[in-house]
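At position 781 of the sequence shown (counting the first as 1) the number is 781 in the numbering used here, and the numbers step up by one without a gap.
These are calculated hints, taken from the structure and not from any lab test. Computed from a prediction, not measured in an experiment: that's the story for all the values here. Mixed in with the good hints there might be a few duds.
[To be verified] When the alpha-carbon atoms are kept at most 20 angstroms apart in a straight line, the in silico SDA-like pairs for lysine to any residue are as follows:
no.	residue 1	residue 2
1	LYS807	LEU795
2	LYS529	PHE597
3	LYS247	GLN231
4	LYS258	ALA484
5	LYS52	GLU151
6	LYS831	GLY774
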Amino acid sequence: MSPSLPIYDLIPALKAQLNDAHEAILEAAPGAGKTTVVPLELMNEAWRQGRKILMLEPRRLAAKTAAKRLADSLQEPLGKRIGYRIRHEGKESTETQVLVVTEGVLTRMLQDDPSLDNIALVIFDEFHERNLHSDLAFALCLQARELYRDEEPLKLLVMSATLDTALLESRLGCPTLTSHGRGFPIETHYANKSLKIAEVVDEVVHLTYQAYREYSGSLLVFLPGQKEIRQAATQLQQRLGNDPKAKIRPLYGELSLKEQEAVIQPAIAPERKIVLATAIAQTSLTIDGIRIVIDSGLSREAQFDANTATTRLHTRRATQAETTQRMGRAGRTEAGVCLRWWSEEQQSRLAPQAQPQIECVDLSPLTLEVAKWGAQDRLELDWVTPPPESHWQQSVDLLRSLDALDAHAFELTGHGQNMAQLGLDPRLAQLLILGKRWQHSELACQACALLSEGDPFAQQSSDFESRIDWLNQHLAMSSRRPRAVYQHSVKQWLTRSQKLPLETSSIRAEDASVLGLLLAGAFADRIGKRLDQQADKVRFKLANGRIATLEKHDTNAQSDWLVALEIGGHQGQDADRIFLSQPLDISLAKNILTHLFITRDHLEWSKQEGRLISEQQTWIGKLCIQRKKNKQLDPEQIRNAMLIQIRKVGLEALPWDKDSLQLKARIQFAAQHDSQHDWPDVSHEGLLANLNEWLGPYLANITMQSALNKLNLKQIMLDSLPWALQKRLADAVPERLSVASGHQHLIDYTNQTPTLSVKLQEVFGMTNSPKVLGQSLKLELLSPAQRPLAVTLDLPFFWREAYPEVKKEMRGRYPKHPWPDDPISAQATAKTKRALGQ
Numbered sequence: 001m002s003p004s005l006p007i008y009d010l011i012p013a014l015k016a017q018l019n020d021a022h023e024a025i026l027e028a029a030p031g032a033g034k035t036t037v038v039p040l041e042l043m044n045e046a047w048r049q050g051r052k053i054l055m056l057e058p059r060r061l062a063a064k065t066a067a068k069r070l071a072d073s074l075q076e077p078l079g080k081r082i083g084y085r086i087r088h089e090g091k092e093s094t095e096t097q098v099l100v101v102t103e104g105v106l107t108r109m110l111q112d113d114p115s116l117d118n119i120a121l122v123i124f125d126e127f128h129e130r131n132l133h134s135d136l137a138f139a140l141c142l143q144a145r146e147l148y149r150d151e152e153p154l155k156l157l158v159m160s161a162t163l164d165t166a167l168l169e170s171r172l173g174c175p176t177l178t179s180h181g182r183g184f185p186i187e188t189h190y191a192n193k194s195l196k197i198a199e200v201v202d203e204v205v206h207l208t209y210q211a212y213r214e215y216s217g218s219l220l221v222f223l224p225g226q227k228e229i230r231q232a233a234t235q236l237q238q239r240l241g242n243d244p245k246a247k248i249r250p251l252y253g254e255l256s257l258k259e260q261e262a263v264i265q266p267a268i269a270p271e272r273k274i275v276l277a278t279a280i281a282q283t284s285l286t287i288d289g290i291r292i293v294i295d296s297g298l299s300r301e302a303q304f305d306a307n308t309a310t311t312r313l314h315t316r317r318a319t320q321a322e323t324t325q326r327m328g329r330a331g332r333t334e335a336g337v338c339l340r341w342w343s344e345e346q347q348s349r350l351a352p353q354a355q356p357q358i359e360c361v362d363l364s365p366l367t368l369e370v371a372k373w374g375a376q377d378r379l380e381l382d383w384v385t386p387p388p389e390s391h392w393q394q395s396v397d398l399l400r401s402l403d404a405l406d407a408h409a410f411e412l413t414g415h416g417q418n419m420a421q422l423g424l425d426p427r428l429a430q431l432l433i434l435g436k437r438w439q440h441s442e443l444a445c446q447a448c449a450l451l452s453e454g455d456p457f458a459q460q461s462s463d464f465e466s467r468i469d470w471l472n473q474h475l476a477m478s479s480r481r482p483r484a485v486y487q488h489s490v491k492q493w494l495t496r497s498q499k500l501p502l503e504t505s506s507i508r509a510e511d512a513s514v515l516g517l518l519l520a521g522a523f524a525d526r527i528g529k530r531l532d533q534q535a536d537k538v539r540f541k542l543a544n545g546r547i548a549t550l551e552k553h554d555t556n557a558q559s560d561w562l563v564a565l566e567i568g569g570h571q572g573q574d575a576d577r578i579f580l581s582q583p584l585d586i587s588l589a590k591n592i593l594t595h596l597f598i599t600r601d602h603l604e605w606s607k608q609e610g611r612l613i614s615e616q617q618t619w620i621g622k623l624c625i626q627r628k629k630n631k632q633l634d635p636e637q638i639r640n641a642m643l644i645q646i647r648k649v650g651l652e653a654l655p656w657d658k659d660s661l662q663l664k665a666r667i668q669f670a671a672q673h674d675s676q677h678d679w680p681d682v683s684h685e686g687l688l689a690n691l692n693e694w695l696g697p698y699l700a701n702i703t704m705q706s707a708l709n710k711l712n713l714k715q716i717m718l719d720s721l722p723w724a725l726q727k728r729l730a731d732a733v734p735e736r737l738s739v740a741s742g743h744q745h746l747i748d749y750t751n752q753t754p755t756l757s758v759k760l761q762e763v764f765g766m767t768n769s770p771k772v773l774g775q776s777l778k779l780e781l782l783s784p785a786q787r788p789l790a791v792t793l794d795l796p797f798f799w800r801e802a803y804p805e806v807k808k809e810m811r812g813r814y815p816k817h818p819w820p821d822d823p824i825s826a827q828a829t830a831k832t833k834r835a836l837g838q
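Use the sequences and the hints to build the structure in full.
Here it is as structure tokens:
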């Protein structure tokens with residue numbers, strides 16, 4: 001190992017820190033050598049006392065590569081002093097002093113032995129990635145050493161190139177040791193362009209081609225995802241033509257470990273590699289020969305929606321920390337170059353750090369582990385970032401639906417304990433357990449291998465059974481990953497699942513139907529019912545409430561029922577896309593997976609039919625799978641259903657007429673001006689709030705709109721008043737009022753001020769405006785033709801100031817009617833002058 005690496009300057013301080021305390025934080029720039037130097041430098045420290053140093057890496061390839069580099073530095077084969085352990089693979093021995101693992105491995109080690117007696121130090125490498133398992137392992141280590149390691153505390157070292165140091169310092173209570181040096185200088189060039197995300201691939205390809213022509217060495221190109229990698233590969237191949245030196249190599253997480261290992265090997269001169277990579281190459285991996293980095297400045301990540309338990313892809317700007325990590329890939333072995341299409345000013349405005357996974361992914365694997373650990377609450381552990389409440393609750397709900405958690409306490413059931421033993425995502429653990437119970441373990445393990453290792457086919461039909469056929473060599477298809485990868489995984493899961501102490505039973509179904517049942521038991525919220533076909537898409541309604549689509553030519557597009565195993569989409573889309581699915585025999589599912597189906601009586605108003613519909617409905621989650629009409633309706637259920645409908649629609653659903661609105665207004669007027677009596681609130685809000693009391697008794701037999709329309713709301717509201725209030729209303733707030741002519745006229749209480757409309761001649765002789773409850777009525781004085789002549793609250797003022805003008809204008813128009821000069825002394829009448837004379 002070259003002693004010129006910058007990290008060597010920091011080794012004495014790091015050793016002193018770990019000698020004096022039990023925790024350390026190390027921030028070192030990319031290329032400083034922390035991953036390949038620090039474990040070796042700490043191997044001979046006295047505090048180790050023969051125990052192991054455990055180093056965590058964020059992914060399998062990084063762990064295996066780091067272990068190989070460490071072993072090479074000691075000129076030893078893997079498995080001696082340097083070992084590694086990843087899923088389904090590992091090399092270690094009794095001589096092993098440094099064991100490189102992935103975070104999931106450490107979590108299992110902690111669950112099996114919380115004291116970690118044989119471990120002296122845990123190194124969290126590349127901690128800035130903030131994987132779900134790294135956050136969990138860190139929290140478990142903090143509690144484990146507090147509970148079990150009083151005498152010889154477990155030492156913790158957090159390392160990264162870009163850290164939120166303030167947050168970590170508060171958790172560990174120690175300062176950060178920082179190395180600012182880099183092995184080799186890197187020139188950074190900005191293209192100073194402002195592009196939309198959709199245009200970035202073209203610009204990145206342009207920069208890549210330009211860099212290939214101007215600089216020597218291999219190139220590493222960062223793109224957000226596989227789609228962009230394929231597009232860039234096609235465009236670069238066209239530009240480079242038949243250049244024999246150019247070797248375009250994709251690098252992303254779904255490649256097999258062997259394929260990823262091949263990409264990071266150095267190019268053999270005169271070849272030059274152009275590695276098109278996702279964020280997998282951002283940290284922890286050293287790709288030999290890279291001295292040019294072209295950065296798209298984008299990252300694609302999964303964003304989890306807790307409401308539907310669905311993950312959608314989100315493309316975002318890379319953060320300052322991520323672009324720093326990417327740039328650092330160019331200076332690992334020699335001076336390098338980094339090309340960015342944006343501007344230096346835009347770089348300064350990028351977010352400092354990426355959102356930790358614990359805030360944006362499905363937490364069910366973490367929640368299962370926390371329950372297995374024995375914690376009673378999510379906040380019992382000392383998290384760097386606590387799990388969000390909504391995501392946590394969704395994961396608890398999912399685990400309870402899988403019968404992994406007790407319904408009333410945060411404790412694993414016996415079934416949940418079996419699931420936790422498997423060290424799998426809870427859905428896949430459920431799949432293996434069902435497989436063993438039903439004596440279809442091999443089929444379940446095959447399904448588990450395909451789902452956990454990634455789909456072997458790209459751009460193919462969504463049919464999951466075809467993957468099973470391929471795995472069993474019944475189907476010859478070109479795959480993205482070797483069949484052996486999946487077969488090895490199947491063997492591992494078979495071995496592990498067979499150790500579970502489970503009672504078995506057989507189910508009578510064909511293998512194809514069993515596959516659907518197994519998957520439905522694990523992905524019940526993804527059971528989908530075919531709705532319709534729209535253009536080139538077939539729509540399915542899923543049990544989680546979402547709509548998801550298949551291409552109309554897909555093998556499973558015509559299935560009435562299916563299980564959507566892999567779904568996704570982008571934020572803002574109304575429907576998700578189904579990438580992987582399996583048809584489901586819903587009748588068999590109802591007989592075998594009985595716990596998934598909830599049957600309940602349902603009574604609801606049908607707007608289309610204008611009546612109540614009573615049904616017995618069978619549901620899976622938010623998906624109704626069967627409806628059966630009930631003929632007998634219970635009066636109480638009818639009443640409640642009608643009350644719900646009226647509250648939903650509003651009082652407009654009721655047959656209001658002039659008489660009922662007038663009564664409503666009279667009661668409101670009384671409530672406003674008659675404080676000596678306790679009047680009910682008949683405002684819109686008041687009537688809705690007390691709907692059950694005043695209207696409920698009349699709804700017990702109302703099942704159709706025609707019957708609802710016959711309700712006499714005036715009488716119903718009047719009957720809701722006590723007899724004393726009915727009498728008070730009739731006496732103090734009358735419907736009609738007598739005027740000077742002796743005739744009674746309707747008072748309109750629906751106006752803001754109650755209004756009495758009357759022929760002007762009928763109020764001759766009246767010297768004051770009439771009143772109700774001490775409030776003057778508004779008089780609307782009408783012509784003989786019943787047209788308004790004037791409106792007044794002050795009748796004396798009208799006689800004195802306005803009547804002379806009205807008389808002058810109206811006398812010629814209505815000569816048959818009296819228009820006396822002195823209306824106060826004149827006889828009030830509704831008759832003509834001739835009729836009066838007779």
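Going down the list of hints, with the structure as the test:
Using a Cα cut-off of 20 angstroms, the hinted pair LYS807 and LEU795 holds, with the two alpha carbons roughly 15 angstroms apart. With a CA separation close to 14 angstroms, the supplied pair LYS529 and PHE597 stays within the 20 angstroms bound. For the proposed pair LYS247 and GLN231, the alpha carbon gap of about 16 angstroms is at most 20 angstroms, so the pair holds. As the CA atoms of LYS258 and ALA484 are separated by approximately 11 angstroms, the hinted pair is consistent with the 20 angstroms bound.
With a C-alpha separation of about 17 angstroms, the suggested pairing of LYS52 with GLU151 holds against the 20 angstroms cut-off. Note on LYS831 and GLY774: the hinted pairing is violated, with a Cα-Cα distance of about 31 angstroms set against a maximum of 20 angstroms.
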